[in-house]
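Enquirer: Residue-level listing of the chains:
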Amino acid sequence: MAEVLQQDPMRVTVLRGGPGAPMRPETFEVPLYESQTVLDVVSWIQQNSDPTLSYRFACRVGMCGSCAMMVNGVPRWTCRTHVQKVLVGGAIEVGPLRNLPVIKDLAVDMDPFFDKWVEAEGRHHPTRTRDDGIAPIDPESADRQQATAGIECINCSVCYAACDTVAGNPDYLGPAALQRAWTLYNDEKNADRGSILDAVSGKGGCHFCHSMGSCTIYCPNELNPLAAIAGLKSATARRFFGRRDR
Amino acid sequence: MISTQHIDRHDTDVLILGAGGAGLFSALHALQGAPEGTKVTLAVKGLIGKSGCTRMVQGGYNVALGPGDSVERHFMDTILGGKWLPDQDMAWRLCEQAVVRVRELENEIGCFFDRNPDGTLHHKAFAGQTADRTVHKGDLTGIEIINRLMEQVLARPVEKLQEHRAIGLIPTADGAALAGVLMIDMRTGRFRFVRAKTVLMATGGGPTMYKYHTPSGDKSMDGLAMALRAGLPLRDMEMVQFHPTGLLAGDHTRMTGTVLEEGLRGAGGRLLNHSGQRFMFDYDPKGERATRDVVSRGIYAEMRKNNNPEQEGVFISMAHLGPANVAQKFKGMVKRCADCGFDLAGGLVEVVPTAHYFMGGVVVDVDTRTAMEGLYVAGEDAGGAHGSNRLGGNGVANSTVFGGIAGDTMAADIRGMGALRDPDEAVLEAELARACHPLSRPPALVLPLRKALQEAMWDEVGVMRSEAGLKRGLARIAGISEALMDVGVAADNLAFNLTWHDWLNLRSLCEISDVIARAALARDNSRGAHFREDFPSAGDLAESYFTVSRRRGGDVDVVREPVRFTIVRPGETILPEGEPDTLVAAL
Amino acid sequence: MTEFRLYMLQRLSALVMAPFVLLHIGVMIYAIRDGISAAEILGRTQGSVLWFTFYATFVVAVSIHAALGLRIVLSEWAGLRGPTREITSLAIGLGLFALGANAVWSVTAGGTS
Amino acid sequence: MKAFPRSHPLWLAYILHRLSGIALALFLPFHFWVLSLALTRAAALDGLLGVTEMPLVKAAEFGLVFLLAVHMFGGLRLIALEWLPWSAPQKTWAAAAAGGAFLVSTAFLLRAI
Ligand SMILES: Cc1cc2nc3c(=O)[nH]c(=O)nc-3n(C[C@H](O)[C@H](O)[C@H](O)COP(=O)(O)OP(=O)(O)OC[C@H]3O[C@@H](n4cnc5c(N)ncnc54)[C@H](O)[C@@H]3O)c2cc1C
Ligand code: SF4
Ligand code: F3S
Ligand code: FES
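Chains as they are written, first to last, in the numbering used here: chain A, 1 to 246; chain B, 1 to 587; chain C, 1 to 113; chain D, 1 to 113.
Just so you know, the hints here were simulated from the structure itself, not pulled from any lab data. A hint or two may mislead.
Stated by the list, open to error - On the chain C side, residues computed to face chain D include the following (Cβ under 7 Å): (1) L9; (2) R11; (3) A14; (4) P19; (5) V21; (6) A66; (7) L68; (8) G82; (9) N102.
As the list claims (entries may be wrong) - Estimated spans, in silico, between C-beta atoms of each pair: (10) A:S195 / C:A78: 31 to 37 Å; (11) C:W77 / A:T27: 31 to 37 Å; (12) B:A338 / D:F27: 22 to 28 Å; (13) B:V100 / A:S195: 26 to 32 Å; (14) B:N308 / A:P19: 49 to 55 Å; (15) C:H24 / A:P19: 50 to 56 Å; (16) A:E222 / C:L15: 29 to 35 Å; (17) A:D111 / B:N308: 47 to 53 Å; (18) C:W77 / B:L445: 45 to 51 Å.
Cβ atoms here follow ideal geometry from the backbone N, Cα and C, with glycine treated the same way.
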């Protein structure tokens, strides 16, 4: 079995609270192990030290995108963040994900994030039915490559937490939803691409992005929402100058 | 004390429990098929689109669309893989409808599965298949399926009850039909009773009562435990599939048990024992490429030989294939290991068989109806389609196919249903009391008991079983269940109280663990995932039976029922004469 | 006006300004070489239709551009929303235009030609 | 709690652009006012322009041209990024913008001294 790595436990400061209870830091001592993630640390506290600590996870392996938190001020998937990577002087700080309402302690309400996903027309608009065959699509075509670039987004909201435009503008759709719209815009199976451009040109649309790029820097999946949003801006501008939608 | 006075009451028409492939598909189909104005409610223990295992599907989705493949061939593979135990009508429905469902996923839901250079769908062959049949999106197929489904559901008028945990199926006073479901709004800690004309249970099973397990943390057999308490018959409950290569990283980390993908062995990955020797050829001529159950037993046997608590597992080694090559071919897997501190491409990673999938489940008909009016079951909660073993790629096919069917069926059945039914208040009260049990006990840690159950199941009811072991297992489970009743949870703040839910998880797991052990005792032969060291032979195929477990009074009884060979009999095939046994080129 | 049109207006006004800014900086560098005097400036600009058009276009563009730019800053950093924000940024635009027009007029009106 | 760290080139380019935009918008009314003095009170303008010889004011002037240059190059970079086909080396763009700005402003400073 894995050994406790050192005598001294790490000091873990957790930001706790929620609506009705102002957020306050609380520090715990947690034994340090080899191969230990931040999610393990938070779980250790709940399972051994303070049973009322709230947080969220599901898959444990970076697939579901429900365990993101602020770790030392940085938004991260906690299940895929090795403690050794973030330990500073034997301590770490964990807080709820930024830019979303806190439900309790480390668990945030992700509904605004998904409402915006829907608002950005972030869903397939069919051109075929289940009675038709599968559309033949050249995987190397330029459009498909653009669509493929952002498809592995797991909607973890890390980019959303990293973006200062989201922080300042509650209407802003945010990097992930806009990236999804760009993916669909380039998907040749998707109907009525014009409606996607309409959906991202509204009061919280892609034009509010200041290309600050924190989304791209912090996306744990190495996706590039900045580029996707730039793609949307250029598509809308092209349409403005009278070029047809593809 | 919390009483039924404290329950929020809520009504809907169609209630769906769970938001995996089965739950989400049923929501879409119910909306498509039900009369105008029908209210559809989705209640889920986690977040929509984020919880459950459908999202974690890596390998892909089996569908007979590949070159030369046919529904008949897919069906035969499923029956042979299930060692003649599947319900043949369900298996047929699965294979036949998978074709429609994949087209629906691609064309209506918006999934994009990998293509060949000529633009057609790419198919690969999972172990145990005789054709290239598995469609996939890289090795993140589940993310593509669930993200696309989730978008469609979120954009439609579905009532969302997220982080609502179902805790009890509440029948009508006469017990003839289901009235509704009791749940906990986990965010507030309040109870809510939802009446519905039809309820789909799609909570996804999840054998997380084993020391090593792959499913997501929200799955804890709640659905099957509820069904058991409601007196429904459960079949094939002894059938727990182990994946041979789960990560072993210590019992302090949630990474332990998570899957290292099948493709690693397929590509030539080697398994080495504690002394650095390859061993799989001692167990099977296919070596590391043998089927999951065989490799799992091989590893288990090596572990037992070594019997060293300091170094429990075996190792997977990829380096001989060239670390750079491995890092490129298995990018996601290598990165995942690296994030957690392991070098998969160049070093050794310790692995162990890990409980992966639960073949057993509620007895249903081919339209997902159960013995209780108003209750439907689909996905991993339903038994029958896989028999004793699920083929890789048939899991997500099963949940999406039968989820859609459940939606259609509920939409049709609801037309003939009158008013909402009233619950049996006595059952409601009993379920409430069950959930509140720990709140009036002195608080203690839940974790040690969870670990104890996981050890007991791994030791006695795991990869290899015997009568003596299973009996020991039953005694250990009973002891843990009893101890759990003395573990309390502080009741001062029930909002998002994970510890209370840990307690409830463990309660469900104990209830179902007991059934698994009993069903395993009742099967005195070895089929698929179920291996009895004291009965290693498969028994007479023509006399195949499946187990049905059911709670009557306080006790669970297990009976054997003969498999009905409605489509094909052992020794026969439905493939046309002259069809080759396999279309997959031997490696 | 839709947000998208405002965005286009802001970007296009910026593009209009770009050559002006370069030219303006160029002129400044040239002018400042031997120190600046009012007479010098006025001698160059007064009565010139060209300079008038040059600076007038700049003033129009910069009023639009800066007002729209600050409109976003005000909403993100000062939390201004709805009519408050629109009126404030309109005032900024008009104010800049008024001051700018006055300046252009002062510098280019009168003189010979 | 630790602050959210933002010190990567793209974010710095963003904040530089925003602050320079705001500073320009604050300076512009003053600039217009100075010019408007031209016609009515040429002497006053001369007085003001004379002040530009003082080192402190020199530095301020340098700062303003720097701001204008920074903002313009930053803005052009943004528009290129948004409208021209996206190219990956983003950071190069940002660096080039700052570099260009610095070049122009030093040129200005050198000539002015
Ligand atoms: C790591 C991994 C890899 C896999 N790879 C493959 C593969 O390549 N191919 C394949 O075919 N199959 C694969 N499977 C199996 C496949 O994922 C499952 O068979 C299938 O997804 C089950 O779908 P489901 O809809 O029944 O359940 P799930 O997708 O698990 O969903 C269950 C839902 O029920 C909810 N729930 C649970 N309890 C409650 C409750 N009490 N109240 C309310 N809601 C509740 C959960 O939160 C969740 O939303 C894999 C499984 C795992 C774990
Ligand atoms: S783009 Fe990246 S960071 Fe943003 S939600 Fe998707 S996966 Fe997460
Ligand atoms: S961080 Fe925000 S401002 Fe744009 S480039 Fe990314 S969305
Ligand atoms: S728990 Fe799923 S991404 Fe971390």
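Enquirer: Hint by hint, say whether it matches the structure.
Expert: We went through each hint and held it up to the structure:
With 7 Å as the threshold, the beta carbon of L9 of chain C stays out of range of chain D, its nearest partner Cβ sitting at about 13 Å, so the hint is violated. The criterion of a C-beta within 7 Å of any C-beta in chain D is met by R11 of chain C, whose closest approach is roughly 6 Å, and the hint holds. For A14 of chain C, the interface hint holds, the least distance from its beta-carbon to any beta-carbon of chain D being 5 Å, beneath 7 Å. Proximity of P19 of chain C to chain D is violated relative to the hint, the smallest CB-CB distance being about 10 Å (cut-off 7 Å).
Checking V21 of chain C against chain D: minimum C-beta separation of about 5 Å stays under 7 Å; hint holds. A hinted interface residue such as A66 of chain C counts as satisfied when its beta carbon comes closer than 7 Å to some beta carbon of chain D; here the least separation is about 5 Å, so the hint holds. The beta carbon of L68 of chain C comes no nearer than 11 Å to any beta carbon in chain D, farther than 7 Å, and the hint placing it at the interface is violated. Annotation: G82 of chain C was flagged as interfacial toward chain D, and the flag is violated, the nearest CB pair being 22 Å apart, outside 7 Å.
Taking 7 Å as the C-beta cut-off, the interface hint given for N102 of chain C holds, the closest approach to chain D being about 5 Å. Roughly 34 Å separates the CB atoms of S195 of chain A and A78 of chain C, a value that falls within the hinted 31 to 37 Å. Taken as a hint, the range 31 to 37 Å holds for the pair W77 of chain C and T27 of chain A, whose Cβ atoms sit roughly 33 Å apart. The hint said 22 to 28 Å for the Cβ distance between A338 of chain B and F27 of chain D, and at roughly 51 Å that hint is violated.
One distance hint, 26 to 32 Å for the beta-carbon pair V100 of chain B and S195 of chain A, holds here, with the actual separation near 28 Å. Taken as a hint, the range 49 to 55 Å holds for the pair N308 of chain B and P19 of chain A, whose Cβ atoms sit roughly 51 Å apart. At about 53 Å, the beta-carbon gap between H24 of chain C and P19 of chain A stays in the expected band of 50 to 56 Å. At about 33 Å, the CB distance of E222 of chain A to L15 of chain C agrees with the hint of 29 to 35 Å.
Under the hint 47 to 53 Å, the C-beta atoms of D111 of chain A and N308 of chain B, about 49 Å apart, fit the expected range. Checked against the hint of 45 to 51 Å, the C-beta distance between W77 of chain C and L445 of chain B comes to roughly 48 Å, which is consistent with it.
When each numbered hint is compared with the structure, violations occur for hints 1, 4, 7, 8 and 12.
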